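K.L.:
Let the hints inform the model, and build the full structure from the sequences given.
Spelled out, the chains give:
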Amino acid sequence: MSDTSVPAAAVAAAPDPGNVKKDGSERWTQTLRDITGGSAMISVLAVVFALIVGAVLIAFTNERVQETAVYFFSRPGDLLQAVWAAVAGAYSALFQGAIYNFRANNFLTAIRPLTETLTFATPLIAAGLGVGLAFRVGMFNIGGRGQMLIAAGAAGYVAFAVELPAGIHLIVAILAGLLGGAIWGGIVGLLKARTGAHEVIVTIMLNFVALYLIQFLLRTPGALQAPGSNNPKTPAMLPTAVFPDLFGPRYNLHAGFLTVIAATIFVWWLLSRSNLGFQFRAVGQNPSAARVAGINVKNVYMYAMAISGALVGLAGINQVLGTVTTGFGAGIDAGIGFDAITVALLGRSRPWGIFAAGILFGAFKAGGFAMQAAEGVPIDIVVVVQALIVLFIAAPPLVRAMFHLPTPGTTKKPAIRAVKARKTNEVVAK
Amino acid sequence: MKLELRGITKRFGALVANNNISLTVESGEIHALLGENGAGKSTLMNVLYGLYIAEEGEILLDDTVQKFAGPGDAMKAGIGMVHQHFMLVPVFTVAENVVLGHEQTTFGGRLDLSAARAKVREISDRFGFDIDPDALIEDLPVGVQQRVEIIKALSQDARVLVFDEPTAVLTPQETDELMIIMRQLAESGTSIVFITHKLREVRAVADRITVIRLGTVVGEASPTATNAELASLMVGRAVELTVHKNAPELRGTALSVKNLSVIDSRNQIVVNSVSFDVQAGEVLAIAGVQGNGQTELTEALLGLQHHVTGSIELDGKPLRGYSVRHILDSGVGFVPEDRTEDGLIADFSIAENLMLDRSSGAPFVKAGNLQLGFRATFAAEKIREFDIRSQGSEMEAGRLSGGNQQKVVLARELSRELRLFVAAQPTRGLDVGSIEFVHTRIIETRDSGIPVIVVSTELDEVVALADRIAVMYRGEIVGIVPGNTPRATLGLMMAGEHAPETKALL
Ligand SMILES: Nc1ncnc2c1ncn2[C@@H]1O[C@H](COP(=O)(O)OP(=O)(O)OP(=O)(O)O)[C@@H](O)[C@H]1O
Ligand SMILES: [Mg+2]
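Chains A and B, in that order, are what the protein sequence lines are.
For the first sequence, our numbering assigns the number 28 to the initial residue and increments by one for each residue that follows.
For the second sequence, our numbering assigns the number -18 to the initial residue and increments by one for each residue that follows.
These are calculated hints, taken from the structure and not from any lab test.
No experiment lies behind these values; they were computed from the predicted model shown.
The beta carbon of each residue, even a glycine, is placed where N, CA and C say it ideally should be.
You may find that some hints are simply not true.
Claimed, not checked - Distance windows between CB atoms, simulated:
| id | chain 1 | residue 1 | chain 2 | residue 2 | range |
| --- | --- | --- | --- | --- | --- |
| 1 | A | G362 | B | G291 | 55 to 63 Å |
| 2 | B | L(-4) | A | V227 | 39 to 47 Å |
| 3 | A | I198 | B | G349 | 20 to 28 Å |
What the hints assert, rightly or not - Non-contacting residues of chain B with respect to chain A, defined by C-beta distances greater than 10 Å in every case (computed):
| id | residue |
| --- | --- |
| 4 | D43 |
| 5 | R98 |
| 6 | L214 |
| 7 | G233 |
| 8 | R301 |
| 9 | R306 |
P.N.:
Here it is in C-alpha cells:
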C-alpha cells in the first residue's frame, strides 16, 4: 500500500457527477423514447391533420377546382363548391372502399371493403408489433424487410415442399417462419450485445443480405424456385398449409387475422404482465439503472430482437400463407417492413394502439384503390397522408404548437427531463 | 433588484405543490429557502423561472408585475437560475456556452466569440474567478462548471439569481468558495434565492430564511437560529440531528477485500490495490473527496466494473467475477451514488421501481407472470414505512421530489434479505428529517448483524455513522482509522496524508 505506483494523472481526481457527457447514440435513444412515448392525443391529431393536408392536396389536383379558381373573384361560390365536391367525393370513396359500401345492394357485399381492410391490416399489425416491441426496448428495428423475407422463405418452403397432414402442415409452416424471423432479428441483437454494433446499421445491412439470399434461392432449382420454371418465383403453396378463409371464398380475409389478434394479446401480456417484458421496458427506459438492478442488458437485447424478428416474420408468413398463396417472388414484403415503422409510431408502441393503427393503414390501402378508381384521385395522396402522419408524430413540438397542447416539460420535473445518462453503448459494452 | 412573489399557487392534479406562497427578496439580499423534501421549493422556483405557469398569484420585479410564458421571458426580465444539474454543452468551450442561446454574429453570420471571451474575462475578473474562456466544459471540475453557469446567468445581466441545491455535488472547499461568490454578488445588488438542505450553509450566508412545509410558508427564521430550531421548523417536529448508536456488536469478518484494483474504461487505474475487512455488525465509512475511486470501488463490489483484479469474499464465498444478478442474489444491497441515473427508472411507477432488482423470481414473479396484486400491497406498505410523499404507488417515480426518490431506492434495497449493505451517498439531497430516518435505518441494519459500507463525501455523515473510517485518496486507502478520529485528522487524510497511526506501519 505504501507503493504509490499510480501516476498522479492516471487517477481521475476531478469529480465528475455533473460532467454530463452526451454522445450521439444516447441522445438518439432519448429522442426515440420521446417520439415513441408520445400521447394518444398526438396520434389522433396527427391523423386528423394529415387528412386535412390530404384534403388540400386533393383540392389542388382536382381539375374542376383549377377551372373555377380562374374566375374565383367573380364567383367564389363555384370554387368552394368544387373544393367541397372534390374532397367529399374522395374521402367518401375512401370510406366506401375501406369500410362499408353504401351502393351495394345487400349487406354481405356492402361489408366486403371492411374485410379487405382487415386483410391488408393483418401483416401491418404483425410487423408493427415487432417494430413497436423493439422501440419499447430502445431499439429501432428497420430490418422488417429482411426479417419478412427470411420468414416468408422458411414458411413458404415448408408450405410447398414438405407434405404433412392438413392443420399440422400449417402449424409447422408457421413455426418455421417464426423461427426464420427470430433468427434474422436475433442476429441483430447478438451483434449489438456482443460488439456494440448499432442496430440501425445492422438491420439495414441484413435487409440486403436477406434480399439477395432470397433472390439467389429463387433462382436455384431445388431451393425456392418452382420446378420447370425460369422465373424467380416459388411454386404455389400446398392447400394443407394455407390459412383457411374466415368467411368463405367470397372474401379474401383469412385465418391469418386470428394469428395477429393472438400476437397482439401476446405482446400485451409480454409487456405489461410478464417479467421478461418488465425487463425489456426497464432496459428501454434506462439501461444503466437496469444493469445496476441485475438485469442482463445484453440478453435483453438479444431476446427482444429475436421476438421482434419473429413478430415481423409473422407478417411475412401471412403474406405467403394467406394473401399470395400462388407462389411468391422477392417483392413479397411489399414494403410492409417499412410501413410497420409508421404503424408502430402511430400506435405509440402499445400493442392495442398498433392494432388500431394497423387497421387504419389497412383501410388507407383498401380505400386508396377505391378512391383512385372512383374519383381519379391518385393513390399517391394516400401515401402522402401516411407520410404526413409520421412527420407529425415525429415532430411532437410542431403538433403541440399547432394545437396549443402543453409541453411535457410543464407537467414533468425538468430535472428528470434532463436525466443525464451514461452512454448506452457503454452499458452494452459492459 | 427586488423580487416579490405574491400568493403563488401551483397544482399538479389533486396535489397542491405551492399553496398561496408569498415571498419577498430585497435587493442585495440572500434569501434561503428551506423545507423538507417535496415541500415545493423547486416548484416555486420553476414558476419564477417561467418553467411552470402558476394557477394563481403574481411575480413582481421592482414592484412591476411580470408575465412569463417561458424561461426566455424570465431571463430577459433579469432572472437567472443555476440548476442542480448543469445545463452546459460539454464539448463547447466556456465562451461558447456562455453565449449559447443569444449568440452575436459579425458580418456574414460568423459567431463573434471575441466579444463572448471578453465578457467571460470581465465577469471573471469582477469576482476573482480564474476561468479560461477557451477551456472545454468537459475538462473542468464541477465547481468550475458551476461558476460557468453563474457567469452565463450574469452575462445576461441577471439581477435575481436562483441557486437550487447548488452544493449537493460540491466539495467543502468549493462550497466555501461558492459562499464567498454569493456574498460578492449580493453586495453588488443582486438578489439571491438559495435552496439547500445543509443548515450550516444557511447560517453562513443567509440574510433571511423562509421555511416551506407541504406547499405553504410556515415561517421565517433568522440566521442566528440554532440547527435544532431550523430543523424542527422545517419538519414540524423535533429532529435528532445526531444518530444514537451503541457500540457495535462485532460478529466476525463478513466481507473481505484484498488487493482490489480497478481499471476504468479510459484505461486508468482508479482503485489501486485496496484491502479492507468489514465485520458483521459494523459500519465502515469510506470517506474522501469526490472522485478518488470510491464510486468505482462500490461498483466493483457489485460486479459493475469490468477490469477488476484482487479478491472480494463475502461470508467466505468469492464475489469477484460474478454477474450483478448473482451478487444481488448473494444478499448485497446497493444504493448507487446517482439515483436518477443508476437507481431509478423515471418513467416507471413507484411500485415498479420497488421491484426493479427482483424481476426474476418470487415473490414478485411467478411462472413468468408479474404478481401485480402482491406488488401493489408491497408498494403501499413501503410507501407508508419509508414515508414516501407521493400520490400513490402508481405515480411515476420521476415526478417525486429528489428526497422521495432516494427513499424509494432505500426502501427497495433495505427490504431484501441482506448479507451486506453498500450505500453510496445515501442522503444526498435529503432533508434533515429524512437524513435522521435514513441514518437510523442504517444503524438498525448494522445492529441486525449486517456489515455496512457507507461511502460519503460529507464528513458529518461519516462521523455520524462510522465505526471505522477508511479514507480514500487517488484510488488508495490512505488509512483506516477509528470512528472517533478528529475531523482535522480526517481532513488531512482526505488531502492524501497518511494517518498518524498507520504511518508507523508503513
Ligand atoms: N410534474 C409534476 N407532476 C406531479 N407532481 C409533481 C411534479 N413536480 C413536482 N411534483 C410534486 O410536487 C411536490 C413538490 O415538489 P418539489 O420538487 O417542488 O419539492 P422540493 O421542495 O424541491 O423537494 P426536494 O428538496 O426533495 O428537492 C412533490 O410532492 C412532488 O412530488
Ligand atoms: Mg428540489
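K.L.:
Taking the hints in turn, state whether each one holds.
P.N.:
Hints, one by one, checked against the model:
Checked against the given bound of 55 to 63 Å, the beta carbons of G362 (chain A) and G291 (chain B), roughly 56 Å apart, stay inside it. Against the hinted window of 39 to 47 Å, the Cβ-Cβ separation of L(-4) (chain B) and V227 (chain A) comes to about 41 Å, which satisfies the hint. For I198 (chain A) paired with G349 (chain B), a C-beta distance near 23 Å keeps the hint of 20 to 28 Å intact. At the 10 Å boundary, the C-beta of D43 (chain B) stays outside the reach of chain A, the nearest C-beta of that chain being 27 Å off.
Residue-level check passed: R98 (chain B) sits 22 Å from the nearest beta carbon of chain A, beyond 10 Å. Separation of L214 (chain B) from chain A is adequate, the least Cβ-Cβ distance of about 25 Å exceeding the 10 Å criterion. At roughly 24 Å, the least C-beta separation between G233 (chain B) and chain A is larger than 10 Å, which holds for a residue marked as non-interface. The non-interface label for R301 (chain B) is consistent with chain A: the shortest C-beta to C-beta separation is roughly 15 Å, beyond 10 Å.
The Cβ of R306 (chain B) does not lie farther than 10 Å from every Cβ of chain A; its closest approach is about 4 Å, which violates its non-interface assignment.
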